[in-house]
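Protein chains: 4
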Amino acid sequence: MVAVVKHGASKQQVEGLIAWFHARGLKTHLSEGEFQTIIGLIGDTTNVDIDLLESLEIVESVKRITEPFKGVNRKFHPDDTVVNIGGLKIGGGSFHIIAGPCSVESSEQISSIAKSVKASGATLLRGGAFKPRTSPYDFQGLRADGIDLLLEAKSMTGLPVVTEIMSATHLPLFENVDVIQVGARNMQNFELLKELGHINKPILLKRGFMNTLTELLMSAEYIMAEGNPNIILCERGIRTFETYTRNTLDLSAVPVLRELTHLPIIIDPSHAIGVSRFVKPMALAAVASGADGLIIEVHNDPPNALCDGAQSLTPEQFADIADRVLRIREVVVSL
Amino acid sequence: MVAVVKHGASKQQVEGLIAWFHARGLKTHLSEGEFQTIIGLIGDTTNVDIDLLESLEIVESVKRITEPFKGVNRKFHPDDTVVNIGGLKIGGGSFHIIAGPCSVESSEQISSIAKSVKASGATLLRGGAFKPRTSPYDFQGLRADGIDLLLEAKSMTGLPVVTEIMSATHLPLFENVDVIQVGARNMQNFELLKELGHINKPILLKRGFMNTLTELLMSAEYIMAEGNPNIILCERGIRTFETYTRNTLDLSAVPVLRELTHLPIIIDPSHAIGVSRFVKPMALAAVASGADGLIIEVHNDPPNALCDGAQSLTPEQFADIADRVLRIREVVVSL
Amino acid sequence: MVAVVKHGASKQQVEGLIAWFHARGLKTHLSEGEFQTIIGLIGDTTNVDIDLLESLEIVESVKRITEPFKGVNRKFHPDDTVVNIGGLKIGGGSFHIIAGPCSVESSEQISSIAKSVKASGATLLRGGAFKPRTSPYDFQGLRADGIDLLLEAKSMTGLPVVTEIMSATHLPLFENVDVIQVGARNMQNFELLKELGHINKPILLKRGFMNTLTELLMSAEYIMAEGNPNIILCERGIRTFETYTRNTLDLSAVPVLRELTHLPIIIDPSHAIGVSRFVKPMALAAVASGADGLIIEVHNDPPNALCDGAQSLTPEQFADIADRVLRIREVVVSL
Amino acid sequence: MVAVVKHGASKQQVEGLIAWFHARGLKTHLSEGEFQTIIGLIGDTTNVDIDLLESLEIVESVKRITEPFKGVNRKFHPDDTVVNIGGLKIGGGSFHIIAGPCSVESSEQISSIAKSVKASGATLLRGGAFKPRTSPYDFQGLRADGIDLLLEAKSMTGLPVVTEIMSATHLPLFENVDVIQVGARNMQNFELLKELGHINKPILLKRGFMNTLTELLMSAEYIMAEGNPNIILCERGIRTFETYTRNTLDLSAVPVLRELTHLPIIIDPSHAIGVSRFVKPMALAAVASGADGLIIEVHNDPPNALCDGAQSLTPEQFADIADRVLRIREVVVSL
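Residue numbers (the working numbering), protein chains in the order written: chain A, 1 to 335; chain B, 1 to 335; chain C, 1 to 335; chain D, 1 to 335.
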């Protein structure tokens, strides 16, 4: 960490600041120029509060040089984390497709989709029970009933299930869920993250649509610092000024996160793009970028459910995508 | 709401879509061009799920023409909402300054600041007890103890208090708090918003740094739809690509929200800009833009607390700002 | 186009507005609700000035329903444009890799790179002669000499050349250049675009790093409206709040542009990501997304040129990427 | 400047990099940690190419600690620059309002507006002759004729005139123009900036809607480095994800630029907000933020020109704004 001292600060003020750093166990390196004085900090700056430091009267700006995260940092843990989901392993060179509907709607729907995506190569089942919606007037999910239906589909197909949590008070309902998802809007719900750090279940942590990769890793650090190392990161699109797509899928997150952290990284092309006919090219791009897996929305298409049926990919479209995804994966990992 | 039908959709598909709209109680207006077919929807489209509609195979795009919010919409409620805080009224032409430290730290600190800001013209006291921090290693606030200290300062000065909630499970601790703040990172924590809709206390709802004004109003709608109309909106800076400031204060939010909603609007220049020496110009700009109030961080400055003491404005700086703010307010409201 | 009339507008004002639309050859459809009056416009709204309309006192907002571009619009020109570069064809199902150094530096450098990238499968040579740099103190390119060296490398290898123009006054220097590139910062230099519309040479138009796809297409429309239909679009990263990468590569631009326009679309992963070790995953992702080609920075690596040599991919790294790119292309286009 | 060396770089590589810095006249400070090696650079790093440095194989990241601009930097030139426009002085404590129509349309229009805004307190006249428009089908301005009409209004009222240039080839037409404006879309048209550095006329440089304050200052540095120090900076809104306003006016630019540079800073609320009924609050906020002046669009309102007449503020509205602006200015500068 480097602190730039404001032009005109007194010698006494600079010494006071240096003493304050020393009291926090840090060594300092002072570089005095004609127009600028810079204090370099050496040691563990993870718990130096950058907001506090920047707000000091005599500090012009602060630049963090080393990352503020530790537990999730590959520098201190070079080997890939492999998240074990009842024997199924995510990370460490494996590749998985998680598929299923946006919302669980009925027993027939979820079971039929589960069977069909399993046949096409999906190895986990997703389905929304608690749905975060911008409008209070939009469908909020089947909630507890949705989880029951999901578990029914799991017992039928053997697929482990992934579903989103929206409040720590709902945790008891998630006892038999295999992977708990934290959605983009809750990525910085720190009280929820702490609670999830106290359990031992795999957590699928989605990047907020306006959050940086550093912030994503800091949120993962919250979970890990409380004791749960089973974290899967998920990029699902960030907000930009482009309006033809719901969000912009940031695939550069894959190689950057691969370098920064040992945690597995999966991509959600469906939510990023928001338009089912554009999911295929983005799914293929995602596997080509080196991701450890995909999470894709798939829906069955009963003839009389005009709207519901068209919300996501059909099982046939999904089968085509899954096939090409696995062929591209071979090109990516070939020597 | 207007739905643009994809080029090449069959007549039968278009009729199916129209029937689906009619089944939802909407009237339609069909405009068929050589290259584009457009369906205009007439009626209450508040509960038409735009994501669902856009994902339909035959729909190219959907444009919302009327706002998706109702309870908070000035069109249906032309008069200003006035939020009553034990006799003190926010909105409807009044102007208030909320001031206090970022975090409550000790009995002496909060009491001393409370007295000093009251003397300079502040009418409410703020202070953080539960602190949302990006890093798990940063100070998380005094939590329940912080609320106790805040209430102590309230009983000493008579200033109503504002403090942030981070989880609905903490609600019992807020029983004697006057205004409950929802922070930027929780603006779309929908489960929390629903809980706050069930109580009758004023809610200070901060705009997320990644959220549009429509989304802010939809979150206010969540609270109001559950029964609590006592909502104060707060702009506190949005994330942009500029890096000299922590966020970018969006003062155009004031006139835009004034037109869209009847709820009072206050501005937080401190968090937006993140640098204490820039708070003054932004506070003056905020009152000039027509806001109903300000929320400003103020800190006392004991000589030996180098860092903590410099975090915010000193009481003397705050007094100068408060004085100019009130003089500018006079220019704004003069005939 | 739909104009929402402000609540409270008089009947006379609404009629005045309708008459004004009729005078511009448009038909109107009036929809009067209790709280909102909407005027739908039917006909060619391409030349309705949306800024002008929005600024009208009685207009609350304006929504464009149909695209404001015409010449580049796939709706009016369903077949792919194929840009012919001396026999080499871009678009219409072909796939090309453009490669070369960021800046042309010397005869040896550009010739050596040209030969090497040709051997690895590149079919066009790129190289910067005029360099747009944020700082006036950074290297501004060899300018006219750079173009001469590029043409020398062309005559040696037969590869057509692509290089950037920064001012219409330099056009005579580009007489023997095969493809003229318009850089991101000049995407809305409308006077330059008009000049490029008067020549018949292929133009590689890069998307501005803060521009929408609609704006990119409007800039292409500027060139086409003046008479030059030979336009290749290029996505090269957009500005977001993420700081680990220089920009964020928006690969969803590929399927979206494919649907909106008949022009070919290529991707520049090098400038988007700005870090050579991350170019490979992004190049693979780009071809998987369905792009018509790539433009990649490649540099030779003489042992004593520490800095210059490391600026881009080495020829060996490029060869590995080119090989995998072509194998992924096969998976994408296979039936 | 600080360079973070990639984990695992060899001692020889680090020494090579250090030697390369020394060869550029810089001193270095090496800080070797267990997991990270950092090289601090001491000396004039203005002309170190950060892109080049970051692209080096062994460099993980580069942080600039000191600003990359010099001529415009307040550190090296503490006193305010005062731009002299035929006796009228901008900067150094003065306050000016520039007013006029978006586009010059006719002799009557521009003369009538000029007289009216002069009467209300404007001291310079603005008017667009060359208009940068996103669409080639929108009105492009009266071009040379527009400048003639503007000069006619100048000779009638004595107001100096400000108008935008779009290409260096038009420079001869601007001989009698008092202040040449560079628009947001040309802020990084570096060839144009260089040409404007060769003349001695005041330049009004608008911030690009996609640019940071550092980039704005680097563009000013382009003009100054070529010899023209007469530069006025102008903030006119930046692109964000908010859609109710055309752009978001970033008023924090005023105090931040005031600290970074000695150049005068004016604000354009009209273009930022894009809706005439919201200009007043933003103009008041702008003066409250401490700006050296405003540039505001004003239009006359002939009864039969429905659209054109409503495009901007009427002279009456402008008079009200100007009056309040000057009263707020008094509060801001009072002791």
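Bear in mind the hints are in silico, worked out from the structure with no lab data behind them. Some hints here could point you the wrong way.
Note that the list lumps identical chains together, so a pair holds whenever it fits in one copy or between two copies.
Unchecked claim - Derived pair list, reagent style DMTMM-like, types lysine to aspartate or glutamate, alpha-carbon separation capped at 25 angstroms:
no., residue 1, residue 2
1, Lys63, Asp49
2, Lys194, Asp320
3, Lys75, Asp138
4, Lys27, Asp51
5, Lys75, Glu226
6, Lys6, Glu330
7, Lys115, Asp323
8, Lys131, Glu330
9, Lys89, Asp145
10, Lys6, Asp80
**Item:** Hint numbers contradicted by this structure
**Value:** Structure breaks hints 2, 6, 8 and 9.
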